[in-house]
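Undergrad: Given next are the chains, with one letter for each unit.
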Amino acid sequence: MSVRKTKHEMPEQPPRERIKNFKEVPYGYSKEIAIEEAKRCLQCKNKPCMKGCPVEIDIPGFISCIAQGDFDKASEVIKAKNNLPAISGRVCPYESQCEGECTLKKIGEPVGIGRLERFIADYEQQKGKNPPKKPKSTGRKVAVVGSGPAGLTCAGDLARMGHAVTVFEALHDPGGVLMYGIPEFRLPKAIVKSEVEYIKSLGVAINYDVVVGKTIDVEELMEEYDAVFIGTGAGLPNWLNIPGENLDGVYSANEFLTRVNMMKAYKFPEYDTPVKIGKVVATFGAGNVAMDCARTSLRLGAEKSYILYRRTEAEMPARAEEIEHAKQEGVIFKLLTNPIRFIGDEKGILKEVEYLKMQLGEPDDSGRRRPVPIPGSEEKIPIDTALVAIGQSPNPLIPQTMKELKIGKHGNIIADDDGRTSVHGIFAGGDIATGAATVILAMGAGKRAARAIDTYLKNK
Amino acid sequence: MYPIVEKKVLSENVKLLKITAPLVAKKALPGQFIILRIDEKGERIPLTIADSNRKGGTVTIIFLEVGKTTKQLGTLNVGDSLENFAGPLGMPSEVKKYGTVVCVGGGVGIAPLYPIVKALKESGNHVISILGAKTKDLLLLEKEIEAFSDEFYIATDDGSKGHKGFVSDVLQKVIDTQNVNMVMAIGPIIMMKVVSNLTKKYDIKTLVSLNPIMVDGTGMCGGCRVSIDGKTKFACVDGPEFDGHKVDYDNLMLRNRRFIHAEGEACKLAGAQ
Ligand SMILES: Cc1cc2nc3c(=O)[nH]c(=O)nc-3n(C[C@H](O)[C@H](O)[C@H](O)COP(=O)(O)OP(=O)(O)OC[C@H]3O[C@@H](n4cnc5c(N)ncnc54)[C@H](O)[C@@H]3O)c2cc1C
Ligand SMILES: Cc1cc2nc3c(=O)[nH]c(=O)nc-3n(C[C@H](O)[C@H](O)[C@H](O)COP(=O)(O)OP(=O)(O)OC[C@H]3O[C@@H](n4cnc5c(N)ncnc54)[C@H](O)[C@@H]3O)c2cc1C
Ligand code: SF4
Ligand code: SF4
Ligand code: FES
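Chains A and B, in that order, give the protein sequences.
Under my numbering, the final residue of the first sequence carries the number 460; numbering is consecutive throughout.
Under my numbering, the final residue of the second sequence carries the number 733; numbering is consecutive throughout.
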């Protein structure tokens, strides 16, 4: 029997329809398709795919359960390692993680591991999650700062080891970027909430409105808790640093997405937070964040949504699926362009952006060919809104207030692979340690830190 | 939930609420602020901590009703609770012994000025306070601030109390007659701009407290960015107080008008300033 060379497609909302709503784009696999897709897996003895999974899921293990139609068992196998499968199954950049290592890539497309993980997570959501067994209490207390994927994973794993875990979150909702950054149509907030409920069912307490470093210091947490994990993520948006960036109409991606996602500005005035978008929107950058901005703009009623990027499609850092979806929805890509100034009217309202055309030159340190401006190639386009999505620096609050913590030159907390920082008993992981990265890397960091914290507590 | 334990109506649309928030009260310092959300559908809005009581675990806020959220807040009463109340945020004021300091407050800016006046007095400064408002009914905390001031002046636009004219006229007189080491100004942007322009001529250190539009208040969204000496700063983590001589006030005014169309409350705000 020969193996099918391509992944089974995931049914999804047609582009014309979906740009009018905030509902999730792909519907997910049906049982039948999931079983067929699972059967493509060769059950390789050396499990190359697992090397690509930061949270160490037994990939062939859960896939073989699906192939046999035992979805409950598949769920158990995933849950043994991953507390948040409905999230990773949706937003993990699997093409460069597990699927990037899949043996099937030699003959065609890899097994749709991410899609299968999502299928199982959704199956479990619908069926109702089994309450986990409560382990014996160790009598140890751990504080987790930040409820993004790093913090939630660390908290969940520590709770399963029997430690009493309290999460401190600055905002009024849990999830970090999962809640305020990634849009509803890609990661429904009900799913994030339900995954967080699961973490709580493991015995984790979450306290909101606590800005660590302000409301309470890390030192004070150290007095009350046996160890602290810091997962405060990336904050401070980077700017283009070109003239006109403070004009009315220029937003950072974070502010725009936070208004829309967490504060539900798309339901204004039912919800109190407004957002203003206009007819033509230009997004700068080409990562996941940029795709989210450009696609959200269309859903808020923009007639034209541009992406301006200095390099070419090959260098775009976004997940392949996001770029594909953006194109289908009509986002206009202006590649090899570099903005040089924003132009406003006499009232200071954004009207235009001027940019230079670029060409690819010699490779830089990262091995990517460096974009160089073409002299005299200035062009202008009229725009109403500019969204700057060119990355974020680590959240400054804790580094600012805790001088003993060693900080890297980009403002990140220095931590080893297991999350140990320069201060005994304080661990850190996720975007605060690595700079803006991915959900799954943050989860992997939370997982390794939980293990290191457990060892630390046993030896303490 | 954060219960309201006291309410006072200070003037027609300026109200005071005392709220139980022990963690915030324990840490609050003059110059810092909180972000609150009334309910699940509410907007997050920043308000300065006007006073706090460590023992009682309460924080006092004083606000001008300008739009949806502040008006709704004004309808709440003792016994009601707020859904969220996070803080204290921002950097505290630089309170130390300067010598002679002039504290200038305009409109609701008088509320956040109060704890600073108190702290500056307690640090041994000679404190001169100048409060300004459109008309005398809009003045706040007169007695409270006077109690911690060595000299105390009032200016109203209509002359209904004190000097008829602007706070900057009074400040000019003070500068003409004595040596001033520091000026602290909180109020409408235009007032802070005028005060800063004046003190710049005499090279007097001037601090102002800025109020750009905020969302998270933790340095994540970049919405509160202000231009200081040509550099982008985030008021929620780097401020809200900045060197008055370095602020780009025109840009701040512009950016604060961003949602004016959506909110439809422009006239009210203009009226208040
Ligand atoms: C719009 C957008 C789209 C993205 N899309 C993808 C994607 O498709 N796939 C992918 O893999 N990655 C994506 N990413 C990146 C990914 O979301 C992040 O790498 C990941 O969320 C980092 O997790 P974290 O736990 O380290 O931090 P965060 O998710 O940033 O969470 C940090 C949490 O800590 C809280 N916090 C901060 N400071 C304090 C404090 N002082 N006290 C208490 N709490 C504090 C914050 O409020 C927040 O809740 C995207 C990012 C964005 C912004
Ligand atoms: C650090 C800080 C401290 C503050 N302290 C106080 C205080 O102690 N007392 C007080 O009364 N106000 C204070 N403000 C201003 C207060 O946050 C706004 O008045 C409030 O957010 C308005 O919300 P709203 O829903 O009632 O009005 P909206 O309906 O949102 O807006 C009404 C009008 O106010 C304008 N506006 C909105 N937000 C702001 C803002 N942050 N600054 C200026 N104008 C704004 C809008 O553009 C609109 O024209 C402070 C602001 C900051 C940033
Ligand atoms: S979490 Fe990511 S890397 Fe791991 S199996 Fe799932 S999709 Fe693959
Ligand atoms: S590498 Fe691919 S085919 Fe092999 S076990 Fe993993 S998923 Fe299956
Ligand atoms: S309010 Fe969002 S960064 Fe300051």
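Worth flagging that the hints you see were computed from the coordinates, not collected in a lab.
Heads up, the beta-carbon is just placed ideally off N, CA and C, and yes, glycines get one too.
Just so you know, not all the hints are guaranteed correct.
What the hints assert, rightly or not - Calculated lysine-lysine pairs in the BS3-like style (CA-CA distance at most 25 Å, straight line):
1. A:K347 <-> B:K486
2. A:K141 <-> A:K51
3. B:K578 <-> A:K141
4. A:K189 <-> A:K200
5. B:K556 <-> B:K621
6. A:K347 <-> B:K691
7. A:K347 <-> B:K653
8. B:K501 <-> A:K189
9. B:K528 <-> A:K264
10. B:K594 <-> B:K468
11. B:K468 <-> B:K706
12. B:K665 <-> A:K403
13. B:K486 <-> A:K403
14. A:K20 <-> B:K501
15. A:K141 <-> B:K487
16. A:K276 <-> B:K501
17. A:K276 <-> B:K528
18. B:K693 <-> A:K409
19. A:K193 <-> B:K501
20. B:K501 <-> A:K264
21. B:K556 <-> A:K403
22. B:K693 <-> A:K347
23. B:K468 <-> B:K556
24. A:K23 <-> B:K653
25. B:K621 <-> B:K486
26. B:K531 <-> A:K264
Unchecked claim - Just so you have them, the derived chain A footprint on chain B, three or more residues with Cβ under 8 Å:
27. 624 to 634
28. 675 to 686
As the list claims (entries may be wrong) - Covered stretches of chain A, going by a simulated chain B footprint (3 or more residues, C-beta under 8 Å):
29. 251 to 258
30. 437 to 445
Undergrad: Against each hint, give a clear statement of whether it holds in the structure.
TA: Status of each hint after checking the structure:
1. A:K347 <-> B:K486: Roughly 44 Å between the alpha carbons, so the hint for A:K347 and B:K486 is violated.
2. A:K141 <-> A:K51: violated (32 Å)
3. B:K578 <-> A:K141: Given pair B:K578, A:K141 is violated - Cα atoms ~40 Å apart, limit 25 Å.
4. A:K189 <-> A:K200: holds (16 Å)
5. B:K556 <-> B:K621: violated (32 Å)
6. A:K347 <-> B:K691: holds (22 Å)
7. A:K347 <-> B:K653: Holds, because 19 Å separates the two Cα atoms, which is no more than 25 Å.
8. B:K501 <-> A:K189: holds (15 Å)
9. B:K528 <-> A:K264: The hint holds at about 16 Å.
10. B:K594 <-> B:K468: Holds: B:K594 and B:K468 sit about 21 Å apart, inside 25 Å.
11. B:K468 <-> B:K706: With Cα atoms ~37 Å apart, B:K468 and B:K706 exceed 25 Å; violated.
12. B:K665 <-> A:K403: violated (28 Å)
13. B:K486 <-> A:K403: holds (21 Å)
14. A:K20 <-> B:K501: This hinted pair holds, its Cα atoms lying about 23 Å apart.
15. A:K141 <-> B:K487: holds (24 Å)
16. A:K276 <-> B:K501: holds (18 Å)
17. A:K276 <-> B:K528: holds (17 Å)
18. B:K693 <-> A:K409: holds (18 Å)
19. A:K193 <-> B:K501: Answer holds: A:K193 to B:K501 is near 17 Å, not above 25 Å.
20. B:K501 <-> A:K264: holds (8 Å)
21. B:K556 <-> A:K403: holds (22 Å)
22. B:K693 <-> A:K347: holds (22 Å)
23. B:K468 <-> B:K556: With Cα atoms ~31 Å apart, B:K468 and B:K556 exceed 25 Å; violated.
24. A:K23 <-> B:K653: Distance of about 47 Å is beyond 25 Å: violated.
25. B:K621 <-> B:K486: Outside the cut-off at roughly 37 Å; violated.
26. B:K531 <-> A:K264: holds (21 Å)
27. 624 to 634: violated (count 0)
28. 675 to 686: holds (count 10)
29. 251 to 258: Coverage by chain B holds for the region 251 to 258 of chain A (5 residues, Cβ < 8 Å).
30. 437 to 445: With 0 residues in contact (Cβ-Cβ under 8 Å with chain B), the coverage given for the region 437 to 445 of chain A is violated.
Hints 1, 2, 3, 5, 11, 12, 23, 24, 25, 27 and 30 from the list above are not met by this structure, while the remaining hints are.
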